[in-house]
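Okay, so the sequence shown: first residue is 1 according to UniProt numbering, each after it adds one.
All the pointers check out, no bait thrown in.
Listed below are the simulated EDC-like cross-link pairs for lysine to aspartate or glutamate, each with C-alpha atoms no more than 20 Å apart in a straight line: (1) K79 / D46; (2) K189 / D225; (3) K111 / E123; (4) K195 / E172.
So the derived label-pair ranges between C-beta atoms look like this: (5) A110 / P64: 24 to 30 Å; (6) M141 / L70: 25 to 31 Å; (7) R182 / L70: 53 to 59 Å; (8) D105 / S56: 40 to 46 Å; (9) M141 / A110: 41 to 47 Å; (10) A169 / T193: 16 to 22 Å; (11) G72 / E123: 28 to 34 Å; (12) N120 / E67: 24 to 30 Å; (13) I116 / K76: 31 to 37 Å; (14) I187 / L74: 54 to 60 Å.
Hints listed in this document are in silico derivations from the structure and should not be mistaken for laboratory results. The C-beta atom is built at its ideal place from N, Cα and C for all residues, glycine as well.
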Amino acid sequence: PSFPASPPTGTSVQQLPNPASTSATSSPPPVPTQHGLENNPTLLRDMLLANPHELSLLKERNPPLAEALLSGDLEKFTKVLREQQSERARREQERIRLLNADPFDLEAQAKIEEDIRQQNIEENMTIAMEESPESFGQVVMLYINCKVNGHPVKAFVDSGAQMTIMSQACAERCNIMRLVDRRWAGIAKGVGTQKIIGRVHLAQVQIEGDFLPCSFSILEDQPMDMLLG
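Kindly generate the complete structure, drawing on both the sequences and the hints.
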């Protein structure tokens, strides 16, 4: 008779935490564990605190448990851990109940489909976090102080923008609305759409000690004063 293979002596099987589910009804993601650690909160806490990589993963994928861990309160950490374990067990029991009741039931099939879909999402996110963690970082926005027509303006620098734009309110403060050529009116399209009132063909922009010629497309409802493209 054949027997299932077991891991070699002295090795451990490590389970990474799953990403937090986007579904409102999903259970909390499991935490990184080794054999028996989920049943020993003290050892689990010490392991996570001693492993910066696992701790960073926990912060990304299970913020409530990470917060409890970093609070330094073992009782709070244990409580959150037990609650998440209970929720996962409850959901697993519910899934088994639906399958045993009628595997061909539409509700059971829909539940299985959703579980598979969510598992695929979590696996996709896990791969992304391991292979390209930079995609989860925040982009630092660059703002600079400058002057337009002698008036101080805080401009957002976007090197990928096709044009330099300015809000109508900012153009009025800089006293360049009188130069707007309305023949260049149109619609600016990006993430959304905004009405372009017209274009100022030439205005002076001062950045530190440099004076530069610049053209502006004036947008009607632009919340940002100036985008320097």
